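Asker: Here the structure of chain A is known, so what remains is to put chain B in place on it, guided by the hints.
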Amino acid sequence: MVLLRNRKPGRIATLEEYKASGGYKALERALRELSPGDVCAMVLESGLQGRGGAGFPAGRKWMGIAPDAPKPRYLIANADEMEPGTFKDRVLLHADPHQVLEGMLIAGYAVGASQGIIFVRPAYGRIAEILEREVELARRANLVGPNILSSGFSMDIKVHRSGGRYICGEGTAQINAIMGLRPHPRETPPRTTEKGLWSLPTLLHNVETLACVPHIIANGPEWFKGLSRSPSGSGTKLYCVSGAVSRPGCYELPMGTPLREIIYQHGGGLRQGRHLKACLPGGASTRFLSPEELDVEMDFEGLRRIGNRLGTGAVIVLDDRTCMVKATLNLIRFFSRESCGWCTPCREGLNFARELLERLEEGSASFDYPEILRETARGLCNAYCPLAPGAAQPLESLLDLFAEEVMDHIKKGGCPMKQPGQQRG
Amino acid sequence: MPRLTIDGQVIEVPPGTKVIDAAEALGIVIPRLCYHPALGPAGACRLCAVSFLDGPVKGVLMSCSIEARDGMVVSTEHPEAVSFRKQVIEWLMMNHPHDCPVCDEGGHCLLQEVTVASGHCRRRYPGPKRTFVDQDLGPFVQQEMNRCIHCWRCRRFYQDYAGYRDFGALGIGWRTYFGRATSGVLESPFSGNLVDICPTGALTDKPSRFMARRWDVERAPSLCIHCSLGCNVTVSAHLREIVQVEARYNGDVNGHFICDRGRYGFDYANHPLRPRSPAVMGEETSWSKAIAQAVAGIEEVTRAHGPKAIGVVSSERASLEAMVTLSLLCEETGWEGPAFFQDEETLVKNRLLAQVALSHGIAGLREVEKADLILIVGTDPICEAPLLALAIRQAWRRGAWVGALDPRPIELPLTFEQSGLWDEELKKALLKGAQREEGLEEVLPGWKEALDRSREIVVILGPTVVDISSLRRCGEFVSKLGKKARIFPVFRGPNSLAASALSRESTFRSLARKIREGKIKALLLVEADPFHGTKMRGELEASIRSLELTIVIDYLPSEVVKRAHILIPSATIYEGGGSFINQEGRLQRASPVHRGGIPLRRNLQGNLRPPRTFAKGPPGETAKSSWQVLLELGERIGKGLGIEDKEDIWKVARERFPFLWQVEPGGRISWEGGGVQEEAMEEEEDPSQSSQEMRVLLVTSTFAGEELSQYSSKLDPVRNEARAFFNEEVASQRGLRRGDRIWIRMGDVRVPFSVKTSPKVPSKLLILDPGNEGLWREVREVSKTIGWTEIERA
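Residue numbers (this note's numbering), protein chains in the order written: chain A, 1 to 425; chain B, 426 to 1219.
Isolated chain A (complex conformation) (with noise of 0.2 Å):
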């Protein structure tokens, strides 16, 4: 266990106990004996990719702010979480926050930013007033704010409580919301590297990645690719597990673990006498997985080569009990309803893909709706932002692995698992 060592129930480590499991050592290395470019160049080379969906390679996005860039620079730790599934960062900053800020502080030296800010969801207002704390306990311990260490490098941090949305997790529309702006997502380039926070470079990460940073700076780089299982991931990663599993909850384990063993050994496997019919690998915008690709290694290159994604890695586990369509619908619901309104698609294709799932799940659909949805879910994939195309792809897999089923609804006009005798579990 790397992240989540100094995990406790009920509390989280505090800085002194984290300052004892080496904690800090990492930025102090790092202020005394590298230079930023060092650090830039030992994150590319861990292999440390976005722990917050896209899984793009760290190093190169902080390769992004040049080093005769603009300044001030802005570092935003996005702990925005609201992919349904996902709790990791909950799990995360209630353990170990200074890991966290350590890691803000290593990318902000290793980037030149002068301000850090967490921009924290509003349902996690706990963590909010926890971060403000120890914010406060690290700047009192010259960790945060002038002359960090004495070493001449100064980082402030400021926590930001979100509006609470779905679509401020999106890190262009995340700046907007810091902005005081409607969260839109903005079109890139320029990326936000180069333009991002008041129009200066902003580096943006999601906390676990930002967690990672000082265990790379202080074990390097060839360690911490040795801690995935697969050729093609490096560290470890929170696995969320959630749904139809006996022990549902939040696992460290090495990057590449494969799913079967994340679902059966760590989560327990399926409750009493159910089976499994399918997951989603990676929160509520990826492709339902079929029982048959449980032996995918849970990595990002992994996930792809099945026409996957990892995602935030929250496994949601639906047993033989589950309806596919009400599943998927209430995921569009969820979809739907968190849009920024900004583009057609997204705006009105959800929500006309919602009323057919709808009306598919009450039994007043017709044989056509199937092939509606399908065009639907095409077209969410030209929206202006991911937030469509990633709803398109728990529909467009209910139509490609549970066809019959969607049939199934049409031809007995309702749901067939609501019929007199079966009971939902």
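One thing to keep in mind: the hints can contain errors.
[Unchecked claim] Below, simulated BS3-like cross-link-like pairs (lysine-lysine); rule was C-alpha separation at most 25 Å, straight line:
1. A:K71 to B:K873
2. A:K195 to B:K795
3. B:K1209 to B:K1181
4. B:K944 to B:K987
Read the hints as simulated data drawn from the structure, not as lab findings. Model, not experiment: these values are computed from the prediction.
Answerer: Only chain B this time, still in chain A's reference frame:
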């Protein structure tokens, strides 16, 4: 220069061109809803999707967001792109109500157009249509949110382009709502553009609501004559009534937008009291009798007192045709005039401003938008030339620095420096500016830095609050700035520049003097109302009363019309058209929109219709353009000008006034100013220097004070109350606070004002904006100074 292929045609476009524009250059119009040339790409509607088959990007992508690059192969007709575009239409029509028959946008609706083009006709969406509760957005814009297709144009215009915050997007997802936090009048004086910019019927024109179907109106390209900018408009008339004015694109002048004064000021043409038939001594009469009376009157006065006993007055709102005809007629007859300006000072200021601007390189709205340093001297853009404020904002959005020297508390939708200077202080500041580069830094912090990095400077200069020597000083100051500086003159009227160029020495004041001296016995007023904005009402009334003959040719129910011995109605720009020279010297022509006549009342009751008499034309349409009337008068008194029609006027004018007419319409005139007497006008001593009194500065506001729009009932709901601006400190010493009501005594009239305070107002100045205060018209003389004894709390 990127070369790309669109639908098999190769085109080379300047770097940075979007694919949608490159296609348009080839004549391929890719459907779009959210994209607007002035607002830039948004990528919101997704309707401009095309297939990129080869090149740096591939797949179905939005042509509005992608810049043309070398080697792109684009297909607008690829089945994938076409089917996606159809899908977008289907999505948009999911919730769009099919209320086209009662929708005012019907017939010129972009959504209707693209929907028909897409062939969308079958509804597959099974759900209920989304509905919203509408808001009352004030007198101009009718909201119908159910029709909204969420293209975001309104919000992008209102907040980003125009810079006002009270209207925007609320809520998210499919419930996104475009409106205000609560119902209320839109704060922006550019709100009417929302109507033009909305691609469907979500925001429509409230004053013309349900008045006409689009295909039934008479439309023609026209000009806005409510300030000196000369914005291009399209005017719609229906059943003898002007119903709507819309912005007409002219890249050299107004771009895509106009202000609300220009959009809703047209109603003077429909005024119920508008003179519709000739009248002699207040009695309606026939056209021929009125002319005969006028001729007889003129001949009688000429016989008794000579031609110099006839004074001729026109104004800055008269068309160039009228001005030219009048000038020629005066030359031919020896009449006194024509006077286009109120007094000598105004005339000299206008000529000087024209001369200073023309000799330093005159700037128009486009130059303002491109400038990186803008200095406003003695102009309140929102009040005097509203669209100028939008142009300044566009420059500011690109990083321009904006500073203002004006005693009024100017409001602009942008951040700028202002110093409330006036008179001597202003002169001193300009002198310092002319002497040293950093001279203005003292009064406008940031000036020096802005000047150092500036490449294109525009100095906006108006003649209303700046005196003659300051205007001249400003010219010197701009010379000092060098070639990168231009002057943007703001005149009062739509044809002020032409009036300056055609003016001789006569002004209305000089004619009035001659009336008092008994030298002038008759007055011919052509589209002029000396009572408008006068400070000397008492004197004016006496002068007019003492005349033997007053002939008025006008279309406004003005005060001087009521006092006319002989009244001959003239046609407005909507019926007669006309040429005007705007503030940058651009000659522009307006086409006639309709024949005119008394508007039909359409309230389904029938009893307000005009009487059913048999006539050759519709009732009330006898009005002719003033130049036609003048020609007829000239003919009848034996001073024919040999002019038959407009073409003849232009031919004659080209010979006689080459500086005005050597350009084709749309071009800038080549006049270089001139005719300004070198010796400065005698400057009046500052009377407030020695006393406790405050000097009075009379100003106008956006919707009150401009002559034509004063008569437009459409603007009544937004006209401001009378306001008195005090220096904040001075006011507080006297116990006055913002919003207090006061009376100011002027002669035997007490006029109510609402107190406004600002630290920018100089302490010895009282700025009065009469707004729509009716009592103001009773004031016989506006004093130059006002003491505190004349001010009392209401």
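Asker: Decide, hint by hint, whether the structure agrees.
Answerer: Each hint, compared with the structure:
{"no.": "1", "hint": "A:K71 to B:K873", "in the structure": "24 Å, holds"}
{"no.": "2", "hint": "A:K195 to B:K795", "in the structure": "24 Å, holds"}
{"no.": "3", "hint": "B:K1209 to B:K1181", "in the structure": "20 Å, holds"}
{"no.": "4", "hint": "B:K944 to B:K987", "in the structure": "24 Å, holds"}
Checked against the numbered hints given earlier, the structure satisfies every one of them.
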